[in-house]
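Q: I would like the entire structure built from these sequences, with the hints used as guidance.
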Amino acid sequence: MRILRRYLTRQIVASVVLVLIGLLMLFSFFDLIQQLEDVAKGRYPLMPALVLAGLELPGRLYELFPVAVLIGTMFALAQLVLHSEYAVMRTAGVSIQALARTLVMIGLGFAAVAFVVGEFVAPWSEEAGQRLKLRQTDADVAVSAFRSGIWVKDAGSFVNVGRILHDTTLQEIKIYEFDEDYRLRSISLAHAGKYVRDNEWQLQDVMLTRFQDDETSVEHLAQTPWHSVLTPRILNVLLLPPDKMSLWTLFSYVQHLRENKQYSGRYEIALWNKIIYPLAVVVMMFLALPFAYMNVREGGVSTRIFAGIMLGLGFHLLSRLFGHAGMLAGWPPLLAAIAPTALFLTLALTLIYRLERR
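In the working numbering, the protein residues as written are 1 to 358.
The hints are simulated quantities; they were obtained by calculation from the structure and are not laboratory data. One or more hints might be untrue.
To be verified - Lysine-lysine pairs mimicking BS3-like chemistry, simulated, CA-CA at most 30 Å apart:
#, residue 1, residue 2
1, K41, K261
2, K244, K261
3, K153, K174
4, K153, K261
5, K261, K194
6, K41, K153
7, K194, K153
8, K174, K194
9, K174, K261
10, K194, K244
Stated by the list, open to error - Just the calculated beta-carbon pair ranges, DEER-fashion:
#, residue 1, residue 2, range
11, L46, G93, 57 to 63 Å
12, P45, Q79, 43 to 49 Å
13, L24, F120, 14 to 20 Å
14, K174, I309, 23 to 29 Å
Bear in mind the structure is a predicted one, so any value in this text is a computation, not a measurement. Glycine included, C-beta positions come from ideal geometry on N, C-alpha and C.
A: Structure representation (structure tokens):
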């Protein structure tokens, strides 16, 4: 069985890598076309566009991993059936359970690779790409759906930041400070703010308005310190969509939102998706197993690859659908994240059960 396990591992890994390279080349081509459109519009030169396309590769690799694993495993098993190797294995006494255990072990290896790429490589490359694009276009970060910018609750204050530059410099800062009875105590309008250390910022060109019992005072300050829960790490979160963040970054930001009693459902769903995603890779391999039972006359290799593409796309779309539906309907984040994987696992077990009964 050890020799057979090694042989299956070589065949499946080779097929998955081949499919993954093909998918990456296809999607990278589309990404490059999009970058070239920005080059044609004069937003940045050709070389940064090529670098940006390269920095998007790890993210694409992470997104395409389950689809590539499913198609690659289907292709490898189809080749075994086509060359009667699968029939020989079954005749030699290899049970379905033993083959399933082998696929799960191989899938765990792929899951580990997906976790490393999604946790360390992809977030770094995505953030580096966003910063490079901001530097080249001299643009600001689109931080919020509000036209007024980002709003943050900071202890007894509400902070509005109009713009965030690529080096996390804040511009057009408004700080509304309230007392314990929710009465407005002061308004600070700062032109810019730079991070110093340990939650300390240095505000520049500040117009401070204080509201006291019966009078109002206005003071202009060239510079003034400001202690805030905002840090560059939290601001870096705003450079990436939730599904592109690392597990630790998502966990930290969810904790930050909870401490400030803000809605964190979107980020909690992304957090659970990040945790469950490696399991989805194993489920995709398990789902490929029933296709090994298909008679060659019922469909060739191309049919199975097409079925794999459809199933992979279905899983990807279903994951997004449940994520959005979970946010709109207020579902528990764990339910919204695990439902697509559970459905596909149920489908795989059902197909294997039906084929065993034949």
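Q: Does each hint fit the structure? Answer for all of them.
A: Now the hints, each set against the structure:
Proposed proximity of K41 and K261 is contradicted: the alpha carbons are some 43 Å apart, above 30 Å. A distance of roughly 24 Å separates the Cα atoms of K244 and K261; the hinted pair therefore holds under the 30 Å criterion. Distance hint between K153 and K174 is fulfilled; the C-alpha atoms sit about 12 Å from each other, no more than 30 Å. For the suggested pair K153 and K261, the alpha carbons sit about 8 Å apart, so the restraint of at most 30 Å is met.
Under the criterion of a C-alpha separation no larger than 30 Å, the hint pairing K261 with K194 is consistent with the structure, at around 26 Å. In summary, the hint linking K41 to K153 is not supported, as the alpha carbons are separated by about 39 Å, beyond the 30 Å threshold. Proposed proximity of K194 and K153 is supported: the alpha carbons are some 19 Å apart, at most 30 Å. Distance check on the hinted pair: K174 and K194 sit about 14 Å apart at the alpha-carbon level, within 30 Å; holds.
Between the alpha carbons of K174 and K261 the distance comes to roughly 20 Å, so the proposed pair stays at or under 30 Å and holds. Note on K194 and K244: the hinted pairing holds, with a Cα-Cα distance of about 26 Å set against a maximum of 30 Å. The beta-carbon spacing between L46 and G93, approximately 60 Å, falls within the hinted interval of 57 to 63 Å. Distance hint for P45 and Q79: a CB-CB separation of about 45 Å, consistent with the stated range 43 to 49 Å.
Taken as a hint, the range 14 to 20 Å holds for the pair L24 and F120, whose Cβ atoms sit roughly 18 Å apart. Distance hint for K174 and I309: a CB-CB separation of about 50 Å, inconsistent with the stated range 23 to 29 Å.
In summary, the numbered hints that this structure violates are 1, 6 and 14.
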